[in-house]
Amino acid sequence: MASPSIAANAYANLARIVDTAGGLSKAAETGNGPSFASMLKDAVGSVVDAGRKSDAQSVAMASGKANVVDVVTAVAETEVAVSTLVSVRDRVIQSYEEIMRMPI
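Under this note's numbering, the first residue of the sequence shown is numbered 7, with each subsequent residue one higher.
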């Protein structure tokens, strides 16, 4: 289950690319928007950050300094981030395979 903060971050990232009318933003239209590589790097970085937060909460719980709810929340956020990244990876691989099957 996605937390409200993850959903808000995803919406904010999408809002930077697409304006409210459903079209591309000026930065995306002119090619000055974020590149696919930078967006992918940011996505992987956020997954890594979520994992580190989860690890830190687990260590704090083991030492008696964290609440169980905080640990469960951090683990759930990491799980959502990893499953999202795996879904994107699967879709990219599927798209690549489809492109490779196209006749030249």
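Read the hints as simulated data drawn from the structure, not as lab findings.
The structure presented is a predicted model; accordingly, all values stated were derived computationally and were not measured.
A virtual CB, placed ideally from N, CA and C, is assigned to each residue, including glycine.
Treat the hints with care, since some could be wrong.
Label-pair ranges, simulated between beta-carbon atoms [claimed, not checked]: (1) Gly-57 - Asp-96: 16 to 24 Å; (2) Tyr-102 - Lys-59: 30 to 38 Å; (3) Ser-89 - Val-65: 56 to 64 Å; (4) Val-78 - Arg-107: 38 to 46 Å; (5) Ser-101 - Gly-70: 43 to 51 Å; (6) Ser-64 - Arg-107: 20 to 28 Å; (7) Val-74 - Ser-44: 19 to 27 Å; (8) Ile-110 - Val-50: 41 to 49 Å; (9) Ala-62 - Arg-95: 24 to 32 Å; (10) Asp-61 - Val-92: 17 to 25 Å.
Unmet hints by their number, sorted upward, for this structure: Per hint list: 3, 6, 7 and 8 violated.
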